[in-house]
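Visitor: Spelled out, the chains give:
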Amino acid sequence: MPRPATYALLLALLLSGCATYSLVEPKRTPIGDLYTVEPQIPWSAAKSGKYEIWTVDGRLLQQLQFVNGLEDGEPMFKGNEQYKKQVFRKSMPASDIMELVVDGLASDGAQKLATRNLKPAPFGGQPGFRFEANFVTKDGLEYEGLVVGAIIKDKLYLIKYTGTRAHYHPKHKEHVERLIESIRMQ
Amino acid sequence: MVIDFDRVKLMPRPILCCLLLLSVATATGCAQTKTLTRSEGNRPPLAGARVLLMPADIELYELTVGGLPEPKADWTASARIHVAAALREELTQRKAALIFYQPPRSDPPKEYAHTQLVKLHDVVGGAILTHQMGMGPSLPTKEGAFDWSLGQGTAVLREDFGADYGLFLFVRDSYAGAGRTAMMALAAAGGVVVPGGRQIGFASLVDLKSGNILWFNWLMSGTGDLRDAEPARSTVRSLLADFPS
Amino acid sequence: MKPVAPAAALIVVFLACASCAAPKSSPDALPDIKPGQRPSLQSDEAGLWMQMDRVEAGLRTSGQIVADARLNAYVREVVCRLAGPYCADIRIYIVETPYFNASMAPNGTMQVWTGLLLRAQNEAQLAYVLGHEIGHFQRRHSLQIWRDIRSKSDSLVFFRVLTAAAGAGFVGDLAQLAALASIYAFSRDNEREADDVGFELIAKAGYNPHEAARIWEGLLKEQAASPKGKPSIFFATHPSTEERIATLKTRAQQATAGGQPVTVGKERLLAAVHPFRSLLLRDELRRREFAETQALLDRLFENGAGLGELHRLRAKQGDEQKAVAAYDKALEFDDAPVDVHRALGLLLSRAGDKAKARSAYERYLQLKPDAEDREMVRSYLRQLE
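As they're listed, the protein sequences go chains U, P and L.
Note that the working numbering gives residue 150 to position 150 of the first sequence, counting from 1, and the numbers run on in steps of one.
Note that the working numbering gives residue 1105 to position 105 of the second sequence, counting from 1, and the numbers run on in steps of one.
Note that the working numbering gives residue 2006 to position 6 of the third sequence, counting from 1, and the numbers run on in steps of one.
If you're looking for bench data, these hints aren't it; they were derived computationally from the structure.
Don't take every hint at face value.
[As the list claims (entries may be wrong)] Label-pair restraints from in silico Cβ distances:
#1 U/K173 / L/D2189: 53 to 59 Å
#2 P/T1181 / L/A2057: 50 to 56 Å
#3 P/A1155 / L/A2225: 50 to 56 Å
#4 L/R2268 / P/A1049: 54 to 60 Å
#5 L/E2243 / P/T1181: 39 to 45 Å
#6 P/A1145 / U/E38: 22 to 28 Å
#7 P/L1186 / U/S22: 29 to 35 Å
#8 U/S22 / L/F2333: 37 to 43 Å
#9 P/K1095 / U/P75: 55 to 61 Å
#10 P/A1077 / L/R2192: 34 to 40 Å
#11 L/A2225 / P/A1145: 32 to 38 Å
#12 U/D154 / L/A2224: 23 to 29 Å
Ideal Cβ positions, reconstructed from N, Cα and C, are used throughout, including at glycine.
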């Protein structure tokens, strides 16, 4: 989740002993319990419960975030008090899920958030949605985002790709689009 | 402020946090420099090149008796002059020319494009410090390689200044004042360790044609002095250890 | 060999001397800054300016800045009316954040937060807050506080070193608490002084001085609605809101005893802020502090702006019906945002009222044919068939 590298964030990294990243090879890979994808290139991956983050150059430069099977009433993201108020409901239409994602980005410090092209889109053959977003961090650096998702068996699945507008988002956008196309239910 | 507020309002720049953390984590005062360079391709020579010095982020502090860093405008002003002179000397020795960045105030969209690059460099520098210099977890996708870039957007700097390379500099330097020094002596007599001043910095060289970071160096030491010309020259030399020649 | 005996003696002295770690006096009273004055390069004040210059450079290109020329011109006009000859020394930055605050740095950087612009009911209230900040600048409070912290931490570190040498760690914490409390007390005195200056400035500029207390009363209502506890007064950097209201009310009664005409400027403020109202409301609602926001909305908007969104987001028992009712009411006014139709469509569709939902979606698409989510809204329409 792009945010300025605040003192608190890095301190948390240091204190928590840091996330460890493992290599994801460019072959068919399971994501959570529901589906598999075929990455085009190697990624570095860190997992924690229902969340997975992939990056090539570092999560503040670009990151691919997977949310796997959020349940009705679960907050969108773990973390501080603000996040606990942003709760997924299985009755949410795509417009509301988009709002939830955007509010999550805002809680992380994203400014001047704008969304584009919210439309229905297949998620591994299931009915889902996608949209694009752009924002600026508090430090003033521009970012781009692409989000796809679906509610399957009352649970929310999301794939969120964010990166700096200059260089890092475009660097792997095509790879991400291919990865999304490759989604296959297990 | 008009009311109480418990939110952090001033977000430190990304690099500053990394470096501050490193200073917290490390105890010794030995000068450590660690250089990483682009591993593929030939390191292009600097002879005949024009190097654009991006606005150097330098600040000097005096440590009060109580250990608070008091910002010193006069020391900082001197340091900026000494560092610029030292850099010019180092580059002249390598037969390169130093150009100073000037914001194009009359062209706001252009100025905006430049600042986006500087901000991007901040984040890339932070990623280098985090993932490649041991301040954080390593990334399997970056192991064994040094391939960081600002992207082709750096071409605007190349065009606007006729420069081949961009040089980014960041220094935070604190010096124990007289009171602090006396305190340290008093404390030592009582068997108590009280820390003195610290010098933290990084420098990076970017190829403005490709946007690739050719060379990145960070420095942390308990000695070094930027307030006077000669010690500043020696600090700059340390900071530019293994600089392309 | 540790010099234990002298250290122990000093500890006794410190413990006995109640004001050693918490000196009562402020540093020697500083004269006010003069218009156009710049500190000499060697001074501690110049060091603070240098730091704030760097912060300001970051602020200028921050993602949070609201650059709109008209809004900035309006705020600048109010500031300059109050600041007089100091106007040229002040640079204003409007920062998008839903919290009520403004701040002033020693180098003349003034931040005005959009949460303040949302909460001010009229220009006089805004002017009072800006006047308070100008007071900090004129009286050089940041420098005074820095010097205060510096001198107190100086004496504190001696104390801590001596106690560490003597092996008595726990006493250090008490001394630190006392020093902190004293620093906070000094800060509260500065805040009272800034309140005074703010009051003087608005009275002189012809604003109704009763409005100063009113903005605090509004804020108090908001805070009272919140389930959160109040911070400890002991470590508060500002006097209690109740104290400030009482002080300002008394002063206002004295100031208007003569019956001079005064302005409030309600229309001017509302006109300046109106183009941003949807944005400010959305930022406020995003905080998801619904009790506080409800108190704020009740105070500010007779036409119920923002209530529909509040009920929709809060989504508790009965909120869906309240949201629909609030949106319907909002549509009676010309300035209802187009998104109200889409929100109604989604709620009515969930409530089972297909016909009304359909016409809400169609109205949305009619009013905003190039909406960024038109494909999705068309799919909602298809689902209703």
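Visitor: A separate judgement is required for each hint: does it hold in the structure or not?
Guide: So, going through the hints one by one against the coordinates:
For U/K173 and L/D2189, the hinted distance range of 53 to 59 Å is satisfied, since their beta carbons lie about 56 Å from each other. Between P/T1181 and L/A2057 the beta carbons are some 33 Å apart, a value that contradicts the proposed interval 50 to 56 Å. Evaluation of the 50 to 56 Å hint for P/A1155 and L/A2225 yields a pass: the beta carbon distance comes to about 55 Å. Hint check: L/R2268 to P/A1049, Cβ distance near 58 Å, so the stated range 54 to 60 Å holds.
Separation of L/E2243 from P/T1181 is about 44 Å and conforms to the stated range, judged on CB atoms against 39 to 45 Å. One distance hint, 22 to 28 Å for the beta-carbon pair P/A1145 and U/E38, holds here, with the actual separation near 24 Å. Here the CB-CB span from P/L1186 to U/S22 is close to 51 Å, at odds with the stated 29 to 35 Å. Distance hint check for U/S22 and L/F2333: the Cβ-Cβ separation is about 56 Å, which falls outside the suggested range of 37 to 43 Å.
About 60 Å separates the C-beta atoms of P/K1095 and U/P75, a value consistent with the hinted range of 55 to 61 Å. At roughly 36 Å, the beta carbons of P/A1077 and L/R2192 sit within the given window of 34 to 40 Å. Checked against the given bound of 32 to 38 Å, the beta carbons of L/A2225 and P/A1145, roughly 56 Å apart, lie outside it. Between U/D154 and L/A2224, the C-beta spacing of about 39 Å breaks the proposed range 23 to 29 Å.
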